[in-house]
Each structure stands twice: as C-alpha cells, then as structure tokens.
Amino acid sequence: MDITGFTRRRTIKIKKGVKINGLRPELSLALQIADGIYNNHKTEMVITSVVDGVHSSNSLHYSGCAADLRIRDLPSGNASLVTKDMSEKLGSDFDVVLERDHIHVEYQPQKT
19 MDITGFTRRR TIKIKKGVKI NGLRPELSLA LQIADGIYNN HKTEMVITSV
69 VDGVHSSNSL HYSGCAADLR IRDLPSGNAS LVTKDMSEKL GSDFDVVLER
119 DHIHVEYQPQ KT
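As numbered in my numbering, the sequence shown has no gaps in its residue numbers, which increase by one up to the final residue, 130.
Hints are not guaranteed to be accurate.
Claimed, not checked - Subject to a maximum C-alpha distance of 20 Å in a straight line, what follows is the list of computed SDA-like cross-link-like pairs (lysine to any residue): (1) Lys-33 to Val-69; (2) Lys-60 to Asn-39; (3) Lys-34 to Asn-58.
Stated by the list, open to error - Between beta-carbon pairs, the in silico distance windows are: (4) Ser-46 to Glu-106: 17 to 27 Å; (5) Arg-90 to Gln-50: 16 to 26 Å; (6) Ile-30 to Pro-93: 14 to 24 Å; (7) Gln-126 to Asp-70: 18 to 28 Å; (8) Pro-43 to Asp-70: 14 to 24 Å; (9) Leu-99 to Gln-50: 13 to 23 Å; (10) Ser-110 to Lys-34: 28 to 38 Å; (11) Lys-34 to Lys-129: 29 to 39 Å; (12) Lys-129 to Gly-95: 15 to 25 Å; (13) Ser-110 to Ser-46: 11 to 21 Å.
Just so you know, the hints here were simulated from the structure itself, not pulled from any lab data. Small disclaimer: the values here were computed from a predicted structure and weren't measured. From the three backbone atoms N, C-alpha and C, an ideal C-beta is built for every residue, glycine too.
Between the sequences and the hints, there should be enough to build the whole structure, so can you do that?
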C-alpha cells in the first residue's frame, strides 16, 4: 500500500509473443481474479497462451475463451491449490484444469 492509502495496481504479465486479440471480456475478468489468487500464493501470474499456439481444432483458445497460465513459478504443491481456488471463485461457467505444465482456464457457460 502506498502512503495515500490506496493499493497499487498490479500488472498482469503476458509472456512475449502471446496474442490476446479477440479475448472475451468474461475471460479478461477471470484472468484478473486468477491474478489475485496467484498473488495470494505469493507468485506472479504469467499468461503463456490465449489465441496463439497449437491447440486441438475445437479449442476455445481460438475464440478468445481460453488461456493458459504458468505454474513453474508456484511453490511446490501449490498448483493444485491455485487450480482449486480459481475453480471455486470463477464458478460453473468456467473450466479450470491443471495440466502437466500449466493451468488451463476456459469460459464455457453452462446451457440452461
């Protein structure tokens, strides 16, 4: 906190070369929430993929509804805790999956 009593803004870190054009607003909000969770675990969140990279042909990455987050900087064992926290905070319209080397977050609203 600075001397005026306001909390300093954090900047979400995006790995060089990651393309975010077409990012859905719902995913943008989810990434801000995820950043807060990473911060709670004393780790800087790094987005490693959004609409770029190679994914399955039906991947939600290509429509701006999915992102991958780095886990290698998290303290040992915290990736599963971060995944759980994100899943709980984001709710049923988001899928949060711990992969081998990243956390995959996607906006996929449930049909009613």
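Quick rundown of the hints versus the structure:
Note on Lys-33 and Val-69: the hinted pairing holds, with a Cα-Cα distance of about 13 Å set against a maximum of 20 Å. Note on Lys-60 and Asn-39: the hinted pairing is violated, with a Cα-Cα distance of about 28 Å set against a maximum of 20 Å. Annotation: proposed proximity of Lys-34 to Asn-58 is violated, straight-line Cα distance about 24 Å (limit 20 Å). The hint said 17 to 27 Å for the Cβ distance between Ser-46 and Glu-106, and at roughly 19 Å that hint holds.
For Arg-90 paired with Gln-50, a C-beta distance near 22 Å keeps the hint of 16 to 26 Å intact. The hint said 14 to 24 Å for the Cβ distance between Ile-30 and Pro-93, and at roughly 20 Å that hint holds. At roughly 19 Å, the beta carbons of Gln-126 and Asp-70 sit within the given window of 18 to 28 Å. The given range of 14 to 24 Å is respected by Pro-43 and Asp-70, whose C-beta atoms sit roughly 19 Å from each other.
A beta carbon spacing of about 19 Å between Leu-99 and Gln-50 agrees with the range 13 to 23 Å that was offered as a hint. At roughly 33 Å, the beta carbons of Ser-110 and Lys-34 sit within the given window of 28 to 38 Å. For Lys-34 and Lys-129, the hinted distance range of 29 to 39 Å is satisfied, since their beta carbons lie about 37 Å from each other. Restraint check, Lys-129 to Gly-95: a C-beta distance of roughly 35 Å breaks the suggested window 15 to 25 Å.
The hinted window of 11 to 21 Å between Ser-110 and Ser-46 holds, with their beta carbons roughly 19 Å apart.
Hint violations for this structure: numbers 2, 3, 12, all remaining hints satisfied.
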